[in-house]
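Undergrad: Each chain, written out:
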Amino acid sequence: MEYAQLDDATLVTLVARRDEAALAVLYDRYSRLVYSVAMRIVGQRQLAEDITLDAFQKVWQAADTFRRERGRFVTWLISMTRHRAIDELRRLGVRPEGASVELSQGIDTGASREDSVEDVVWLAHKREAVRRALAGLPQPQREALELAYFCGLTQQEIAERLTTPLGTVKTRMRMGMQKLRRALEEADAVD
Amino acid sequence: MKENVEEATVTCEEVEELLPAYALGALGAGEAATVARHLARCFRHADSLDAYEAIGDGLAAAVRMVSPSPQLRTRLLRSVAAPPSTPLQGRRRSYVGWAVAAALAALVIAFGAWGLSLQRQIDNQAASRARFLELARRPDAHMVPLEAAEGSVAKGMLIYTDSEAAVWAVALPPLEGTEVFQCWWIDKDGERVSGGSFVAGEGPGIWFIPMPSNAEDFDGIGITLEPDGNSADPRGPRILSGDL
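Protein sequences appear in the order of chains A and B.
Heads up, the numbering used here is the position in the first sequence plus 112, with the first residue counted as 1.
Heads up, the numbering used here is the position in the second sequence plus 5, with the first residue counted as 1.
Everything labelled a hint here was simulated from the structure, so no lab data went into it.
There's no promise every hint is true.
Stated by the list, open to error - The calculated lysine to any residue pairs, modelled on SDA-like cross-linking and capped at a C-alpha distance of 20 Å, are:
1) A:K291 with B:G30
2) B:K193 with B:P150
3) A:K170 with B:R83
4) A:K170 with A:E200
5) B:K193 with B:S157
6) A:K170 with A:R196
7) A:K170 with B:S84
8) A:K170 with B:Q76
9) A:K170 with B:P150
10) B:K193 with B:D222
11) A:K291 with B:E19
Pulled out of the complex, with its shape left as it was, chain A reads as follows (with noise of 0.2 Å):
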């Protein structure tokens, strides 16, 4: 069996009956995501590869509570690492940096040596419907989701960082995250 041509789903189930190969497949998938994303959260790569170690461990100890009809499992992994980064940074007393994100260029599927083609349609697809959504944002919008989503900043938090009023961020959070939603459902072709 080609594990490496098996979907995300077929491979999880591997996992939970303890097939390590199956995990290695899923780690050469995504772990240059799930790192990119730590990264970007903490920006420490020592940090940022225990995060990273940590997530895909986590898969191989709860792989058989993944259901697929809840959900994609790379919306999974990356939930899970982004908890446990932002964990990190509360836990140091880290104050989170800039929040501006450094958007990669071209067809980069963020999948490493191994693609499965859900990687290659369904990341190609968002980071494109992200990039040009995110892109026609104001920037005050588009600094308030960042600073919620790498930072892991409530709104009140953001506020108090931007010295700005804190219904202004709420009207500037929610105007651009009904942005972003309307731009990814027009796009959203194949997920």
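For this one, chain A is given, so just place chain B on it according to the hints.
TA: Just chain B now, kept in the frame of chain A:
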């Protein structure tokens, strides 16, 4: 819907207003708990919540990609490697051994036929996927999202080079009788040239279609549902289309 909870009263409309920030984890603890309680009892917001949470995936996918050290893979696989098994002693070992052997034999018999069938399916799927990925990795490959026609929920993507093309699609409508899906290359004057037909079952699929020799003359692709595989021009409804 309006509900009374210990600390706060919240309506569906108010929850919809709060959902974007909730999905980003940007609400304070009190507001987040209020929304969570409402969501646990009211399922009207499931689609909205899914949509806002999907934005997070997109934000993650848009960051600049960097690679971890090669050693990290080794660390992971070492950390999950099974420890060597400890042999059991005497009668207990013998009993457990026979029990395991019997269970395995039963499993082999029960799942043997199913396993062979599954294996063939996986092999076929794997071959198509490998070819699709090979095409996608070519430096001259283009990726074109295929948009669903009105009334269709199908989704798809075309990958093509000067010499080869592949369609990935999902949620195509079920076929009946002799019906097929047919690809059409569309030139600048709106003329259609058949790109071949295919049948599809449930779930996502990949189909390879030949590129026309004068590929530069075409600037669109359409996929229609045809009554049979003999159409020289489109006779059925359009399901998917895209601009090259």
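Undergrad: If a hint holds in the structure, say so; if it doesn't, say that too.
TA: Going down the list of hints, with the structure as the test:
no., hint, result
1, A:K291 with B:G30, "holds, 18 Å"
2, B:K193 with B:P150, "holds, 19 Å"
3, A:K170 with B:R83, "holds, 14 Å"
4, A:K170 with A:E200, "holds, 16 Å"
5, B:K193 with B:S157, "violated, 25 Å"
6, A:K170 with A:R196, "holds, 11 Å"
7, A:K170 with B:S84, "holds, 11 Å"
8, A:K170 with B:Q76, "holds, 19 Å"
9, A:K170 with B:P150, "violated, 34 Å"
10, B:K193 with B:D222, "holds, 7 Å"
11, A:K291 with B:E19, "holds, 18 Å"
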